[in-house]
Amino acid sequence: MKILVPVKRVIDYNVKARPKDDGSDVDLSLAKMGLNPFCEIAIEAALRIKDENDQCEVIAVSVGEKQAQEQIRTALAMGADRGILVEVDSPLEPLAVAKCLKSIVDREHPDLLIFGKQGIDNDNNQTGQMVAGLCGYPQGTFCSTIDIIGDLVAITREIDGGSEVWELPLPAVLTADLRLNEPRYASLPNIMKAKKKPLEVMALGDLGVDTRPRQTLLGVSLPSERKPGIKVDSVTALIEKLKNEAKVIL
Amino acid sequence: MKVLIIAQHSEGVLDATTLNVVRAALAVSEDISLLVAGSECRAVAEDARYLEGVTNVILADHPCYESLSAENLASLVAELAPSYSHILASANTFGKNVMPRLAALLDVQPLTDVLYIEDVDVFLRPIYAGNLIAKIQSHDKVKAMTVRTSAFPPVTQRTEACSLEVVDKVFDLQLSRRIKIEVGQSERPDLGTAKVVISGGRAIGSSENFKLLYSLAEKLDGAVGASRAAVDAGFVPYDLQVGQSGRVVAPELYIAVGISGAIQHIAGMKDSKVVVAINKDADAPIFDIADYGLVADLFDVLPELEAQLC
Ligand SMILES: Cc1cc2nc3c(=O)[nH]c(=O)nc-3n(C[C@H](O)[C@H](O)[C@H](O)COP(=O)(O)OP(=O)(O)OC[C@H]3O[C@@H](n4cnc5c(N)ncnc54)[C@H](O)[C@@H]3O)c2cc1C
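Protein chains in written order, with numbering that gives the first Met the number 0: chain A, 0 to 249; chain B, 0 to 309.
Don't take each hint at face value.
[What the hints assert, rightly or not] Have a look at the derived ranges for each label pair, beta carbon to beta carbon: (1) B:E29 - A:D21: 36 to 42 Å; (2) B:H138 - A:L187: 20 to 26 Å; (3) B:S38 - A:D26: 45 to 51 Å; (4) B:D171 - A:E181: 34 to 40 Å; (5) B:V12 - A:S143: 22 to 28 Å; (6) A:I229 - B:P302: 20 to 26 Å; (7) A:L203 - B:T158: 46 to 52 Å; (8) A:E69 - B:D231: 24 to 30 Å; (9) B:H138 - A:H108: 32 to 38 Å; (10) B:L172 - A:H108: 17 to 23 Å; (11) A:P212 - B:Q307: 43 to 49 Å.
Simulated from the structure, these hints should not be mistaken for lab results.
C-beta atoms are modelled at their ideal positions from N, C-alpha and C, and glycine is treated no differently.
Here chain B stands alone, though its shape is the one from the complex (with noise of 0.2 Å):
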């Protein structure tokens, strides 16, 4: 078995997320290649090479991967890919882009979201918004998938530097272009790497006082998030959504505030370690998932919260 992971990174910064899959490929073998592909991103992969886990950096420095575009990158993952039994990368927005299409070059059949590795071939992953678990074997040669990075703890270790491999091959098919980036300008931590999340809900009413949430957030050194509600409603930027279409989150602690518990948003918070909800109606579905509910109006909560974490 030899696995190939597609690191993401960005800035010159390796996307914590990769240290996930590290962890998901060391269930399949100890031969992890990690390709850093990219555009003056060399830092990144020497940077690498000290992972734990992680036996051989390969290098694609090249101006026509600077975008990270799906199309340029499926095409080079696809000319390595006859070389490994595996290839992963992390179960996100990079991920689930590049894939697919990679899947499609080598006529596999990709997995999406895998929760488990219970074998070199069979694979547990989320179906029907994560209300049920299917368990499936792939019968692919090479076996194509985005891994759940909230289901295996990062690899922390550093250990001595692998072997660097500097390929040259380059797929520049101008198939799309990147025009702007627009990164979140929040200044908590990530929603996908915090240990404590605070979500709004519709009830919040308005991005004014989604305030209150956030500065709850900062005294508890968390993130923000929210439901699709609040989000459709403008309170806060899309890329706070927490559920079946936004983020899967699963921190230490999940507090749900005015959110009802709608099984899309259930999806993205239930494997939280400890989760509270906050809501006026003491029949929300949230109470069914929650460890410990207060049955309370949150614009009477949230302030005595604020007071009495000190």
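Just chain A, with the same shape it has in the complex (with noise of 0.2 Å):
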């Protein structure tokens, strides 16, 4: 079994963002940058099948600048066995990168790809999806469960009001919830082996796919700001305020 994780490095999901002072885009300049965290479930799902699968490989992709190098070594030292980066100059939209997966699937074969469901950087939601159409395979999104049932894949998806139980043939993209498991941490020896595992980077110019930009990003701007609030010290007055200042309830 050959699993595929495309990871993405994004900001720190404790940093909160700001716009350049020109409002041309996010300054990222100073930004603290990890792995995206649902790409690090999507991550510990694959090491999970691994884990009960003696024949089994996790391979780390990253569509990405040069220091995105450093999440895939994250992956591996969590205990993907390989990496693979498709360096880029500047980031790509989600259609180009999952046209330069999709190469990679052709090259690689996967079983199954693992995705985490969105960056929290662009919160997009696509690129799993996009390369699902892509490559033509079914789709298994928001996965709160994964089981591996010979050669179907069993998944719980987290809907809205509920959730679903799909059933998808291998090779199949799958992406990861928040509450699919909890990553583990990866530990000091296995951050030192990781330095060793491969990882082979490629230039974006060797897949020979279309990355033309179909946006413009016109601005970045802050939403609008909620007023200030004020404190009330009692139940007595919030529901007086409530009842006859905000008219929200009778």
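Dock chain to chain to rebuild the complex, using the hints, since each chain is given by itself in its own frame.
Okay, structure coming up:
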């Protein structure tokens, strides 16, 4: 069994992103970066399958800038077997990333792809579904459980107002929701070992895919701030405000 | 400009968010088609003919669309797409599942969670858990997007019936099979449309204690929500999570009880009209966005609130 896990380098989830002074883009110049939390969950999901299958290889792939090697190393330290970086000069749109990943799929022929459901930077929630579409594979989005049963994968999907159970034949694309698992920490020995694991770097040009942008970012701004509120000192005062000032309860 | 909306429906009823999507579509064009794909769903399509703004309903009724699998549905819509300038669906788990796959089939870059339509090709959408708003121009011939339904009021008028077109295209790819649906068994109004939402955090402590929120919600005819910490601790089901990775709500009144106000939580509720925060830590970030804050122990406040709300 071969599992491909695409991973993304993003801003650390604790950092509040700011626009650049000229409002042209997000200011990431000083931001702490890390592995997208949803991708971490995807890696963990792949490793749990590997833990139960002797013949299982987990490959972490990133389409990103040179520094994304750090995030691939994180995945290797957690337990992935090898890494592939498709190196780009500046971030690509999800469609272009999906095309790069499709060409990796054509080369590696994985049985399963596990994505994080979204990047916490652009919150697009697209790449997994797009790769599934480009490859003609079944897709199981927002997974909270994954079970491999022979050449099928059974999943629970988190949907608005409930959940669903689906069965997909392999090869398939899955995207991980938050509650799929709690990712393991990489131990120090494993971090050292990861430095020796293979990490192949490919140039975008080698893939020969069309990655021209389809969109122009016209600007980035702060959302309208909520007006500062007040503190009330009792339940009685709160109810009075809600009734007579905010008029949201009768 | 011509818009195609992919309708969401279940058990013979159109999903309420579709009405918000129609409002968004009206910002683009007055030529709006609504696709009702499904199995034995003619009644849904017939009903949709009366919707304000909708000028054509397309019915694709076949057992292969029963589960509305992304694989079959995206292939169907890809076939219809060339006649349209825009394709819209709700930015919920339904729309987010199918739209990117469809966009890949059409070779276009979709937009997720559109908040505002400035022009036929210029859109605003939240990024970084809603801490920033991106203004994006799309150059694709077909603009595929999901829209944040809380940002567009629903259409409400019933109009004269529009045309109903039946398509008999069948895409039975058999790539996936739905085995089971588990619907949240809440008797409360839906989180997405409730006028009042009362959410509890880690501090609620147990599912037993969440009953305090449920009985308050009953008094206010509201829905109950939760933070990730409360969901992860197993106090309430997953589908009650509000935030960046859960539901996005914008009720008239949002009451956050024992929730610290992490950016990922605020991402899901900061467009609520009035926000109340109850937290014993006066420095909790939730107070920065609350209209009314009460620094107190929730176990004192909740019974008192319930007693005083008659
Ligand atoms: C990728 C990612 C996505 C995420 N998505 C979401 C999401 O969608 N939604 C979400 O909610 N979170 C999300 N989170 C988690 C988020 O970062 C926070 O961890 C979470 O929201 C914290 O939940 P909480 O406020 O209930 O818990 P805590 O942060 O532990 O806060 C508990 C609060 O209760 C108060 N308190 C304690 N006892 C009492 C008492 N007796 N009376 C009154 N107040 C009391 C405390 O002062 C504290 O402020 C996400 C995190 C990541 C990394």
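Status of each hint after checking the structure:
In this structure, E29 of chain B and D21 of chain A meet the distance hint of 36 to 42 Å, their C-beta atoms being roughly 37 Å apart. Range check, H138 of chain B to L187 of chain A: Cβ separation about 48 Å, and the 20 to 26 Å hint is violated. The hinted range of 45 to 51 Å is satisfied by S38 of chain B and D26 of chain A, whose Cβ atoms lie roughly 50 Å apart. Between D171 of chain B and E181 of chain A the C-beta distance comes to about 39 Å, which sits within the given range of 34 to 40 Å.
Look at V12 of chain B against S143 of chain A: about 26 Å separates their beta carbons, and that is inside 22 to 28 Å. Taking 20 to 26 Å as the suggested C-beta distance range, the pair I229 of chain A and P302 of chain B conforms, at roughly 24 Å. Checking the proposed 46 to 52 Å range against L203 of chain A and T158 of chain B shows it holds: the Cβ atoms sit about 51 Å from each other. Remark: the range hint 24 to 30 Å for E69 of chain A to D231 of chain B is upheld by a beta-carbon distance near 27 Å.
H138 of chain B and H108 of chain A have their C-beta atoms about 34 Å apart, which keeps the hinted 32 to 38 Å range intact. At roughly 20 Å, the beta-carbon separation of L172 of chain B and H108 of chain A lies within the given 17 to 23 Å, and the hint holds. A beta carbon spacing of about 56 Å between P212 of chain A and Q307 of chain B contradicts the range 43 to 49 Å that was offered as a hint.
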